[in-house]
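Enquirer: Those sequence lines, one after another, are chains P and F. Sequential numbering of the first sequence, starting at 1, is according to my numbering. Sequential numbering of the second sequence, starting at 1, is according to my numbering.
Rather than coming from a laboratory, the hints here were simulated on the basis of the structure. If you're wondering where the values come from, they're calculated on a predicted model, not measured in any experiment. There's no promise every hint is true.
[To be verified] Okay, the calculated beta carbon distance ranges per label pair:
no.	chain 1	residue 1	chain 2	residue 2	range
1	F	Gly498	P	Ser101	40 to 48 Å
2	P	Asn245	F	Lys189	49 to 57 Å
3	P	Ser101	F	Ser306	42 to 50 Å
4	F	Gly455	P	Asn213	49 to 57 Å
5	P	Gln116	F	Ser212	53 to 61 Å
6	P	Asn245	F	Asp208	39 to 47 Å
For glycine and all other residues, C-beta sits at the position ideal for the given N, C-alpha and C.
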Amino acid sequence: MSEPASANAPKPSSSVKLVLLGEAAVGKSSLVLRFVNDDFQENKEPTIGAAFLTQKCSLPTRTIKFEIWDTAGQERFASLAPMYYRNAQAALVVYDVTKPSSLTKAKHWVAELQRQASPGIVIALVGNKLDLTNDGGDVSEAAVAAQGESEEAQAGEEGANEEDDVQDAVSGDARKVSTREATGYAEEEGLLFFETSAKTGTNVVDVFTAIANAIPESSLKTGRGTGAGTGQTSLGRSAEESRVNLDDRNAATAKEGCAC
Amino acid sequence: METLSDTTWDVIIDGTGASQSLLALALSRSGKKVLHIDRNQYYGGSDAAFSLDEAQEWAERVNKGEHRSTFKDASIFKHDASSSEETGISPKLASSRAYTLSLSPYFLYARSQLMSALVSSKVFRQLEFMAVGSWWIYAPEQSDSENGEHGAEKVLYRVPGNREDVFAATHISMKSKRTLMRLLRHIIKPNEDDASNEDDDMSMPLKDYLASKFSVPEELHNPLLSLSLSQLSQQDTTASYALPRIQRHLSSIGHLGPGFGAVFAKYGGGAEILQAACRASAVGGGVYALDTQIQDCLWRKDAEYSEHRLLLKLANEGSVQAKCMFSSNVDTVPKEGSTPLVEVARLISVVSATFPSLFPVTVEGAPVPATAVLMFPGDTLDSPHSPPVYLQVHSSDTGECPHQQSVIYCSVALPGPEGQALLESSVDRLIRAEGLPATVLWSLRYTHSGRLSNGEPRRLIPDDAVPDCYVFPPSSLDLAFEDDTLELVKEAWKKVVGDEVDDADFMMFDDRDGTSDQ
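Just chain P, with the same shape it has in the complex (with noise of 0.2 Å):
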C-alpha cells in the first residue's frame, strides 16, 4: 500500500501469532496438523496441555508465518488459554459439526477474546467434521470415520447422543449444528467462517489463507492490532527493522552458554 514493492525484491514476511481454541476432541490438533503436514491421523491422542507449530503462507504481496499454538480442550483449569491469546494476532474457535454443545463452547471462546485478546484479533469460527455430513461427500467413508468419532466421545463427557451419532452417520449425515445458524453467529459477531474436515482437507487452507488476508497490515508491521494503526511506527520506520535477529546467531551464542 505504502511503496509500490520491485518486482524482484523478495516478497515481505511476517510473523503472526495464532490461538487455536475450543472443546475437546473437535479436532483443533487434526486441523493444524492438515494445515502443516497435510496429513491426517485417525483417533488421535488429546492434545497434552499444548502444542506449538510454525507454518508458512505464501500470499501474493507477502509471507505469513503463522505461529500456532494449539490448546488442549480438556485442559481443566482455564489457566493456559489466557497465555495463548496474549498478543495473539488470530485466533481460530472450533466446533463440531456434529456436536451443538460445542457450538456453545465456541461462543464462550469468542465472548472472551472479545474481552480479553489484544484489540483487532482476527477470529475464525471453524465447524470441523464436515465429512460426517451430507455436504463432507463420500457418504461411506464419512460412516466409518463415524465409528471411530463415538469410541472418542465415549471417552468424553457426553454418552448420551452417541447411539444417535452413529445412527445419523449411518444414514449419512451426522450434522447437528446447520451451516446457517453459524453464520448467522459469525456475521453478528464479526468473525470469518468456515466448514471445514482435517479427514478430508476440505477448506482447511483456505481457513489459514483467508486469515492471512484479514490481518491488518497495520497489525503485522507493529505486531498487534492496536486499532488506530497509520502503518508506521512511533518512528516512522518497519518493525522488521527494529526486531533483533536471534537466528543468525543462535548457534555461537549456544556453544558460549554451555562452555562456561
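For chain P, the structure is supplied; the task is to place chain F on it using the hints.
Expert: Relative to chain P, chain F alone:
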C-alpha cells in the same frame, strides 16, 4: 474429569515469577510431573505485565493489603481527556488492552546466561527481542559550554559505549577522551595492566577510584556510573561493584548484532519471557492452575509416604501430594544475615510523544532501538544527596503502547513521596528537554521492595519448617536481569532431576517437531 489430587506430583511450583517459570521450563522435558500454580489470576507475580484495567485492579488490591506483597502505595493518575480535546493536538489514551505495562521492567544483556538459556532451550523462537539502544545522561550544567543555537535544549548526552563512540563524541574534551580510552581498555582487559594493589583500591567509591587511578575527569563519572546501572549515588557505589558491571556493558555491545548490547522482549519484557517459559512447560505436559493458593503444607514422615511426603491443602482444589515444592519469597520473612530488602519508588508513565532523538541508529546495519536508558544524577534534580533516577523509555515498537505514544519506566532507590517527586520531575525534564508538545496520559506510582544486587550470589533457601520445600530468594530490583537467577534455577532443577542427569543438559533442548524454520 481428572482432579489435581488424582496425580502424585513430582514437583509443585508455587508462583509464576521469573525464577519459578524458568524452573518450569528447565523441567519441561524431564518427564517429571509438574504442577505449577499461582495464587493470582494472572501470570508473573511481581514480574507481571498489565493492561490499564488490570493495572487499576492491581493497584486497588495492593492498597487493600489483602496479603503480604512486595508492593505498596499504588496510585493511578489519568489525564483529564476533556482538556486535551481543547488543545486538540495530543493523541488520547487508547483502549486498556492497547497497553502492556511491566511492574518490574528489566532488559537482558547480550551475554546474559538467560539469553543463552532461551536460545539453547529454543524458547527464543516464541519471543521477539528489540534492541536497547543508547544510554543518556541528563546534564543541564554542560549546556553552557555548548555554543550551538540549540544549546539551551541540549541537556541529554549520549554515553559512549565503545571506542568509536568515544572518538565521535562531541561533548568530551580530547584529554578526557584519552583517559576514558585508557580506562575502557583497562576494564575490558584488566590483566594487561599491572594491578597488584588492585584489591585495596576496589573498595573505594567509584568516583575516587576513577579520579585517583585513572585521572578520569569528573564530567565522566556520571556517564560511567550509568553504565554500571548502580542505583546508589557516586559516593555509595564502590569500584568493586561498578567495574565488573561496566565491563558487562562494554563486552555485550555487538555480541548479538551491531550497535547494541542489551535486548528487551517485546510485549512486556520479563513478563513475556516467563509466559513463554510456562507455555513451553505446558507443551511438555506441565499442569497450570491460576487463582490457586496453598493453605497448608504438611510433611509426612511415615514410611508409607516415602515417595511423596508433602501434602498440600489448596484453597479450591482439595489436597495434593508431591515430592517437593519450590515457592517464592512473598510469604517468608527474610532471615538473619540475608541481604536486607530495600524499597524503590517506581513510576510508569504513558506519554503522548515518541522521543525520536533518543533512539538513534549509531552503527550501520544496527536494528532500530526500541528502548533507551536515561540517568538523571541527583544533583541535576536539586537533590545532590539522592541516588540517581533511571528512566527506561520504550517506544511503541516494544508493543507496549499505541503509535505516537511511549511508555517511560522510572525508578529511584528512594521510597515514598520524596522518591516519587524525583521521578516526576525527571519525566517533566525529559519532556521539556525534547521540546515536544507531550502530555502524560496515564501513570502508575508504587513502592517496590526487593534487593539491590551486591555482587554476592544468592542461594536457594530451604524452608525451615517443612523439609523438601525450597524458597527462591527475593528478586532483584535491577534494570538488567540478574544472572545468578539462572544459577538458582539450576540448583532447584538439580534437586528435582537428581545426580544422574548431567549438568550440561540444563536448558539444552532440541526443537520440537514442526517448530523450526525449515
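Enquirer: Now look at each hint and say whether the structure bears it out.
Expert: Here's how the hints hold up against the structure:
The hint said 40 to 48 Å for the Cβ distance between Gly498 of chain F and Ser101 of chain P, and at roughly 45 Å that hint holds. The hint said 49 to 57 Å for the Cβ distance between Asn245 of chain P and Lys189 of chain F, and at roughly 29 Å that hint is violated. Between Ser101 of chain P and Ser306 of chain F the CB atoms are about 44 Å apart, so this pair conforms to the stated range of 42 to 50 Å. For the pair Gly455 of chain F and Asn213 of chain P, the beta carbons lie near 54 Å from each other, so the given range of 49 to 57 Å is met.
At about 58 Å, the beta-carbon gap between Gln116 of chain P and Ser212 of chain F stays in the expected band of 53 to 61 Å. The hinted range of 39 to 47 Å is satisfied by Asn245 of chain P and Asp208 of chain F, whose Cβ atoms lie roughly 42 Å apart.
Against the hints set out earlier in the document, a violation occurs for number 2 only.
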